[in-house]
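Protein chains: 2
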Amino acid sequence: MRRHLAAAIAATLALATASADAAQGKPTPSPTQLLDASKPSEWRTPNPDNLLYMQLPTGRVVIELAPDFTPLHAANIRTLVREHYFDGLSINRVQDNFVAQWDDPASDDDHPDPAKLRPLGKAKKTLPPEYTRAITPRLPWTPLPDGDVYAPQVGFSEGFPAARDPVTGREWLTHCYGAVGVARDVAPDSGNGSSLYAIIGQAPRNLDRNLAIAGRVLEGMPLLSALPRGPAPMGFYTDPKQRVPILSVRLASDLPPAQRADIQVLRTDSATFAKLIEAKRNRRDSFYTHPAGKVGLCNIDIPVRDDGKPVMP
Amino acid sequence: MRRHLAAAIAATLALATASADAAQGKPTPSPTQLLDASKPSEWRTPNPDNLLYMQLPTGRVVIELAPDFTPLHAANIRTLVREHYFDGLSINRVQDNFVAQWDDPASDDDHPDPAKLRPLGKAKKTLPPEYTRAITPRLPWTPLPDGDVYAPQVGFSEGFPAARDPVTGREWLTHCYGAVGVARDVAPDSGNGSSLYAIIGQAPRNLDRNLAIAGRVLEGMPLLSALPRGPAPMGFYTDPKQRVPILSVRLASDLPPAQRADIQVLRTDSATFAKLIEAKRNRRDSFYTHPAGKVGLCNIDIPVRDDGKPVMP
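Going down the list, the protein sequences come from chains E and C. Just so we're aligned: the first sequence equals residues 1 to 313 in my numbering. Just so we're aligned: the second sequence equals residues 1 to 313 in my numbering.
Isolated chain E, as found in the complex (with noise of 0.2 Å):
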């Protein structure tokens, strides 16, 4: 066994201790050990119109729309990759325990000229926000049961870490780890799929209901995540020889069969899942002496693989 586990096995529960507990006398099942249990029928395979392949020069990251909280920007966004909008853009912009930021670089002076943009082409220039949805029963609601800093009830709708407020009527989802965003002017309406961001550090939830949220990056966190932090304020960079090449971004749908990844995402209403946050909310084994009894909505990792693979939280 590795020393120092420390960290280790705390965070990732990559390991099956699975001890029995001196006082509970009742082991948590590691998640490896609960994810070899799941059913096929636990897992979705994400429709390929909302799945986003970023090819970066390190590698790819995948992006799942959510259509269901905000329809418009994903269309926008779907008719920007079509037009290969991205291809030949960069990541413009990485502020440390914040977001990752990609857009059009031209639109980075601080006084753009608008012959040097990208043309948007036939996607829209602005979008309605989109921050909150009216809350239905068609979409499913798996509730946390431990509170939540920010939002009246916190939980998971369709594969999203999602917020919900009964007393509005509104849900929305939240700016967990590896979420999308549309970045936008000061205008509410000035979004429009065409800048993005993914959130790379602690949970910024203020931008909750202030920021469209376009989907979830489900694969290549890691490729966003580690870039070299922009020197600039905010972090953007200075050099544009430090900006980093997107080559493409194209809708799985797009491609052939053969080409698109195998890519599955375990049920937020699945039976497992529920596991999954359980053992998290109270792990007992040799190494936790002090189980938390409580887990945060952007703690939690949403299980996912690619062809049978775990991919890597």
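Because the hints were derived from the structure by calculation, they are not lab data. Note that beta-carbon positions come from the ideal geometry of N, C-alpha and C, so glycine has one too. All the pointers check out, no bait thrown in.
Stretch-level coverage of chain C by chain E, calculated; a stretch enters the list once three of its residues show a Cβ under 8 Å from a Cβ in chain E: (1) 141-149; (2) 202-208; (3) 214-226; (4) 276-287; (5) 293-305.
Cut-off 27 Å, straight-line C-alpha distance, at most; resulting in silico cross-link-like pairs (BS3-like, lysine-lysine): (6) C/Lys294 <-> E/Lys294; (7) E/Lys39 <-> E/Lys275; (8) C/Lys309 <-> C/Lys39; (9) C/Lys241 <-> E/Lys241; (10) E/Lys116 <-> E/Lys241; (11) C/Lys294 <-> C/Lys275.
Go by the hints and put chain C onto chain E.
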């Protein structure tokens, strides 16, 4: 003005928009404005006995120890540092959205050979856990008003994010971004400070009260958080060449004053810090349509300046 301010303004709060909110009629001062108006007495110069300089090939990481919470660990780490224990060791593990961990790479073998391990010298091999301490009026306590998923009370003590349980009378440091924890084996007393980790992602608060927190990174987080993630389970590097060498670790107090960094940290019991918290809770400007009204413990940056210049969060 930059296009796509989006997340930009939102998180760093770096720009002084400070335009009046129509409904409230009150602008929210920006962090820059608040810090510019701070008094010299609101800043503290950390005790050089508590400051570690960890020199990497890419730059310097500065860590402040927390001897009021983990005194035996602070003493043992000082002993190790004065023996130059860490010089020539390496960062051997970087797990995405979790930790960067440094220690003796020989300890990471599955069956480490004791003969190959660097001797601890006069440092103790085991230590009492120091996961929590008794609440004492001797230490300042700045409570936060918005609750917490994991602990009955949260706030700041002596510049560190912390939690309290009035029922047990205990308090403890929390695993927020930048926290430096003491890795250990399964036995609670098996940590000694020779293996340390820094939190580089969403705060894994389930580790609270299960591991000792030795301190916090004040400067240089991107040198840890932007490192390549290790390909092995739990983020271990597989090739020794991937390991990031530690050139040296020194105590500030062991250096001539001219070689010490001029680091100051905003007092967490200062009026300006309270104003920063309130500005983050209820940001009102032209960008924000929905002030959060709340703030989480690990969402608050504690301002640091080096030679009078702000350390980028």
